[in-house]
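Chemist: Make a model of the complete structure from these sequences and hints.
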Amino acid sequence: QLRRCKPLHWPSLPAQRKYMRSPLIPEMATQEVQLNETLAHLKTESETLKTKLEEERAKLHDVELHQVAEKVEALGQFVMKTRRTLKGHGNKVLCMDWCKDKRRIVSSSQDGKVIVWDAFTTNKEHAVTMPCTWVMACAYAPSGCAVACGGLDNKCSVYPLSLDKNENLAAKKKSVAMHTNYLSACSFTNSDMQILTSSGDGTCALWDVESGQLLQSFHGHAADVLCLDLAPSETGNTFVSGGCDKKANVWDMRSGQCIQSFETHESDINSVRYYPSGDAFASGSDDATCRLYDLRADREVAIYSKESIIFGVSSVDFSLSGRLLFGGYNDYTINVWDVLKGTRVSILFGHENRVSTLRVSPDGTAFCTGSWDHTLRIWA
Amino acid sequence: MTIRTVRPNRGQRFRPRTHCLKKLDAMVVEMQDPKNGVKGSEQKLNVTTIPHAITGANIIAWISNKMKTTTEEAQVFGTMLMAYGYIYPLQNHRKLVMCNDSSLYRFQTPYFWPTQQWVPEDSDYAIYLAKRNIRKKGMLEPYEQVDYNHLHEWLNHKWDFIVMQATEQYKAGRDRNKADRVVFDCQERAFWIVNRPPRRTHSALDVGPERLINPNVEEKITFDQYRRVNIFYQQAIMRSKVKSSVSLGALVKYITSYKNHDAFLAPCLPSNPWETDHDAYWTLNMRRVDVPTKMRVERWSFSLFELLTDLRGRDDFKIFLKKEFSGENLAFWEAAEELKWGTASSMSAKAESIFKTFLAPGAPRWINIDGRTMGLTVKGLEHPHRYVLEAAQTHVFMLMKKDTFFRYLKSPTYKEIQKKALSPEAHNFSPAQLEDNARNRSAGIHPIILWQQEEEEKAKAAAASVPVDVKAVMSKIDRKK
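Chains S and Y are the protein sequences, given in the same order.
Letter by letter, the first sequence follows residues 1 to 380 of full-length UniProt numbering.
Letter by letter, the second sequence follows residues 1 to 481 of full-length UniProt numbering.
Be aware that one or more of the hints could be misleading.
[Stated by the list, open to error] Here are the in silico distance ranges between beta carbons for each label pair: (1) Y:E416 <-> S:E307: 48 to 58 Å; (2) S:S255 <-> Y:D160: 54 to 64 Å; (3) S:Q213 <-> Y:I449: 26 to 36 Å; (4) Y:K253 <-> S:K50: 24 to 34 Å; (5) Y:A426 <-> S:F78: 11 to 21 Å; (6) Y:H150 <-> S:L214: 52 to 62 Å; (7) S:P232 <-> Y:E298: 14 to 24 Å; (8) S:I303 <-> Y:T48: 48 to 58 Å; (9) Y:K158 <-> S:K52: 50 to 60 Å; (10) Y:Y387 <-> S:L163: 33 to 43 Å; (11) S:S255 <-> Y:A349: 42 to 52 Å; (12) Y:N65 <-> S:T122: 40 to 50 Å.
These aren't lab readings, by the way, just hints derived from the structure by calculation.
Just so it is clear, the structure is predicted and the values come from calculations on it, not from any experiment.
Idealized CB from N, CA, C, for every residue including glycine.
Modeler: See the structure below:
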């Protein structure tokens, strides 16, 4: 189904400009008073509008998720174990991504190393040393022929991979994205030719890999953007980002405008992931909850939390059908949630430090977690 | 552009994200309640007596009772209390892991709790190390010695001040009675283990690079921002929304359709490669198989998007379209996708070839779209950009989705492939066989090789599907005559 939302336009504000001058002359002091009044007026207007939006959303809210889920059969017991432990990083593992071949992964760590593994055989296939530490973002290209990574160097670089194990990959490195602060996440779009990045400078951007040209930038977050995810839908033109301003924004890649925004978390949003159908997304935050947002109804529809879970979620992902939500937490555990019924199905132990990244494999047969204990684990 | 010019001070450790700390504080206060808290006692350690020492087993039992969780979860929680520095171990002071036995722990004094507003700076750490050095030379551990040397270099300009402070603190310490001194030393050491962890110690305060925005500070919102936010709210209010019952129903429907395809919910046939170390599942589902599996074919019927995303399904769809002589819609859709996701430099060339092949009047693969869309698209192609074909592509996709797709599902092509599709038997490996599998894990084909093969196939297909140049054929026939 096509979503019929028009992109927003920011009209220019020439009329208000005259209020922006500072009051150097006593006559202008009255304008300063006017400015303060207008600011207060706008603030109240903002609050009124926010309440009205909540009302409009509530009008269409005729049923809760767990009510709809009553008719769905309950899940059985799960036996999920660590099937592989990948050791080789010398410091905290910060990020990982799967290759479309369902068995290879790329992972990056605090010591600047980016390693490509065949997780099935646990062989390391390639290793790249980045010129910076804290490589917080890495991504595998859809073709399987390149990887992208970046972090404290404020850049996103693409390394084409090669069949020759002895080849120095750093020689063919291509610098694509350039931000003014650390790179927090990156992702290829449907091809190797474009990369979407998010940064600590509060913006996201879409880049052309071949030329390094900025194709579109996305402004609207008031603080560091920590994560992003591209929509799997047939139109493939939107993505969601989450940031330190507690907001999750949905963006239109064509116009650069924010089309939907959700602010219900109580702390930084560390991870966002689309539901497999593209009509909803989940977010994980430092406030120890995961939340599900329905894009068509334009509201939050579920909160996955427990009294006993008080440590932040660093990373979330859905299983293939969307029934399970996996969350990697800062208390070294992984919690598995039943998306429909809202209950926790399972808790997995094994890592010796916080779980920093979690991704389900492309065919849903396993999921991989990376942790600050220097290892990655594959669970199935 | 929201350019942040405030550079964080990289010499400092940013104070931790405090959302969980308030709850931890409350919990620890409760744990120390003389009546209902964790039972502690005096313990003899080496020569001195340590007051209020508690065992790991008691802590875990208390947490498990209070939070109504399993012992394992309580143990995890206990470990986190240590990782944040609320509790410290007496025996192995470097290992911040809660053990469910009689190993001894103590509560950290609130002065050293992470919620306190002061951030432990490098100069504080230098003073601490200097103080220990003054007390007894050679008392620093190797990692501390390294840190000390580094700080001596880095903070050389302040070194006199640091040594002075260290001496003052040392003298003040000597004035305390021995028991208090021992306790305070323990607490201070525990504090620094958590804030400047040695190599193999995992501390929760080791949080990583600073974020630019302090979550505890109220943000000042400007005039401009309020205007924008208000406009956004107004448009959000006016946007059409769907009833919850409808959208949530759709989510449930999706889950129900894909239930049997989710490896965590239903068994993977023949077996999950990660469980049995046998990659038959992947080999049977490769890009170019002659006969796909039944599950894969079933998935194609879920939506046109699924059918097209699975390239094997797309091939099958193309066979059907060829029989119907309506392949141009899919070809146009594919070409538009290539334009959208291609490199910026190739765009104008691609746009031109698409126009010539699909949109120009009398084009060899002319697509049948409504006049308005055609007009808009042709006009847009004068100045081609990435999304110039968006309207036409959507129109074509909807056409295929609402009409062609359903005809495909009812067609003999689909029914045939359904019949031919494989239904692999579930593997039943004996433990010996599983061990064997684990030793001989197959390496599979490298994605780069697969990619190269794909490119070759695509080139071949492109060459084969070049539209017939009628004039050339006619002139050939004429020449023959």
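Chemist: Against this structure, judge whether each hint is valid.
Modeler: Now for the hints, and whether the structure bears them out:
no., hint, result
1, Y:E416 <-> S:E307: 48 to 58 Å, "holds, 56 Å"
2, S:S255 <-> Y:D160: 54 to 64 Å, "holds, 60 Å"
3, S:Q213 <-> Y:I449: 26 to 36 Å, "holds, 31 Å"
4, Y:K253 <-> S:K50: 24 to 34 Å, "holds, 32 Å"
5, Y:A426 <-> S:F78: 11 to 21 Å, "holds, 19 Å"
6, Y:H150 <-> S:L214: 52 to 62 Å, "violated, 39 Å"
7, S:P232 <-> Y:E298: 14 to 24 Å, "holds, 19 Å"
8, S:I303 <-> Y:T48: 48 to 58 Å, "holds, 49 Å"
9, Y:K158 <-> S:K52: 50 to 60 Å, "holds, 56 Å"
10, Y:Y387 <-> S:L163: 33 to 43 Å, "holds, 36 Å"
11, S:S255 <-> Y:A349: 42 to 52 Å, "violated, 25 Å"
12, Y:N65 <-> S:T122: 40 to 50 Å, "holds, 41 Å"
Consistency with the previously given hints fails for numbers 6 and 11, ordered from lowest to highest.
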